[in-house]
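I would like the entire structure built from these sequences, with the hints used as guidance.
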Amino acid sequence: MPLENKHIYTVSQVTQEIGVIFENTFGNGVWVEGEVSNFKAATSGHFYFSLKDSNAVLAAAMFVRANRELKFKLEDGIKVICFGKIDVYGPRGQYQMIVERVEPKGIGARQLAFEQLKGKLLKEGLLDASHKRELPFMPFRVGIVTSSAGAALRDILGILKKGAPCVDVVIRSARVQGEGAAAEIASGIEELNQFNRVDLIIVSRGGGSTEDLWSFNEEIVARAVYNSRIPVISAVGHQINTSLCDLVADIFVETPTAAAKIIADKRAALLAELDNLRRESGFILLDLISALKNNLTGLAHALKSPLDRLQEKAQMLDDLSSGLSQNMRHLINLTRERFSSLIQRLQALSPLAVLSRGYSLSLLMTDSSVIKNVAQIKKDDKVKTILGDGGFISSVEEVINDKRKTVL
Amino acid sequence: MTKEKQSFEDDVKKLQKIVEELSAGKLNLGESLKKYEEGIKLAESCSRVLQEAERKVESLMKKDGKLSLKEFAENAEGKD
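Protein chains in written order, with my numbering: chain A, 402 to 809; chain B, 2 to 81.
Note that these hints are calculated values from the structure, not bench results.
These numbers come from a predicted model, not from an experiment.
Treat the hints loosely; a few may be bogus.
[Said to hold, decoys possible] For lysine-lysine, the following DSBU-like pairs were computed, each having C-alpha atoms within a straight-line distance of at most 35 angstroms:
hint	chain 1	residue 1	chain 2	residue 2
1	B	K63	A	K521
2	B	K15	A	K662
3	A	K662	B	K27
4	B	K15	A	K667
5	B	K27	B	K57
6	B	K64	B	K14
7	A	K563	B	K18
8	A	K533	B	K27
9	A	K563	B	K15
10	B	K18	B	K36
11	A	K533	B	K35
Okay, here's the thing in structure tokens:
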């Protein structure tokens, strides 16, 4: 076929035609799914990257105007769905996708952003358990960062009033949703630290949509919580959708009410503990005293007081003496009887009685010994003779040795 | 914050120590009685602190870069 019969395009023309075809085909925008690769953020703020699948590559550009709205970070390897137009770039003979919107594939953009920021904070150590501060022994002054008009504040104040009325409250009001809320929450935490009059901070907001609660997932809030010297309880939302604020906080609970309950429970536990300690020390003392009492009773038996002992002796004496006097009387009576019979017998035996019957008793004058046999005397010895009613002294004329001669 | 609140933690710990000492049983009656009395006093003052019911609710305000407290009107209720 002769060449002159052919329609010959210039490079520009054919490029333009391709542009028209693209415009006709993709003019209303197209959704393209692929994996991000070769991602570059230019100093101008524009993003350049490729979308690829196993068989093909599509160049893509996302200009500042569009990527400002991006909630998450574009990075190599993430699967996305992009919306935009396909544009032909003549000077390079290339076509590329001008991306207006990007959604992560599989999970939502916010979720991805959350995961990305969480990964970053995790790497930096903001979520480390070792960084968690211990809650105060008993927080007597609690700071609350929340909306001063919110239900969360009302709930917390209500619980504290009932369960921990000894706790003073400092409220640092902050908007908790919408543009600028994150910055207000963060500066609330910072100011409470700066003011330094509370020993615990509750960062809180009532329930709401993921969108409503988003401020608590922002980096600025997470960092403020991390940097707080004062321990922080995070109480965001009314369900289990953990925010970054929750993860960085020292303790997180599901609801504002639960945060206040931590304090009320602490107070109740301390009151119970104090009661126990009081009771325990009482018991210990009672035990001690009763042990001592037992000891004392034992000792008292061994070691009576002198007065007690005297009284005991007196009692014993009384007992003895009453027994004694009875015995004595008996004894005396007995003795008396015996005595009188003795006297009678004595009287019967008395030599005087014999003498009164006509007998006499002779004594040697020299030694007053009773003369019982003749051998005791010799001639001229002086002899005293006792009669029943008197006596006489005589001298011996003759000693008669014949027993018979003296018999009367 | 009152003095009792400031020393609260120390006081409770002191009390715990006293009860420990008492239960160790190494004190004589005189010492025990003294410790007991001290402990009861601590328990009572600590309980009193927790049972206090006059709380303050204040707002932290920032004006010209200066932080100050203002009484918070508790009954002003609103919605999220």
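Results of checking the hints against the structure:
1. Using a Cα cut-off of 35 angstroms, the hinted pair K63 (chain B) and K521 (chain A) holds, with the two alpha carbons roughly 32 angstroms apart.
2. Pair hint K15 (chain B) plus K662 (chain A) holds up; C-alpha atoms about 27 angstroms apart against a cutoff of 35 angstroms.
3. Between K662 (chain A) and K27 (chain B) the CA atoms are separated by roughly 40 angstroms; this puts the pair beyond 35 angstroms, and the hint is violated.
4. For the proposed pair K15 (chain B) and K667 (chain A), the alpha carbon gap of about 18 angstroms is at most 35 angstroms, so the pair holds.
5. Annotation: proposed proximity of K27 (chain B) to K57 (chain B) is violated, straight-line Cα distance about 45 angstroms (limit 35 angstroms).
6. Restraint check for K64 (chain B) and K14 (chain B): not satisfied, since their Cα atoms lie roughly 41 angstroms apart, outside the 35 angstroms limit.
7. For the hint linking K563 (chain A) to K18 (chain B), the alpha-carbon distance of about 31 angstroms falls within 35 angstroms, and the restraint holds.
8. About 40 angstroms separates the Cα atoms of K533 (chain A) and K27 (chain B), which puts this hinted pair outside 35 angstroms; it is violated.
9. The suggested pairing of K563 (chain A) with K15 (chain B) holds, with an alpha-carbon distance near 28 angstroms, which does not exceed 35 angstroms.
10. The hinted pair formed by K18 (chain B) and K36 (chain B) meets the criterion: a straight-line CA distance of about 10 angstroms does not exceed 35 angstroms.
11. For the suggested pair K533 (chain A) and K35 (chain B), the alpha carbons sit about 41 angstroms apart, so the restraint of at most 35 angstroms is broken.
Hint check: violations occur at hints 3, 5, 6, 8 and 11; the rest are consistent with the structure.
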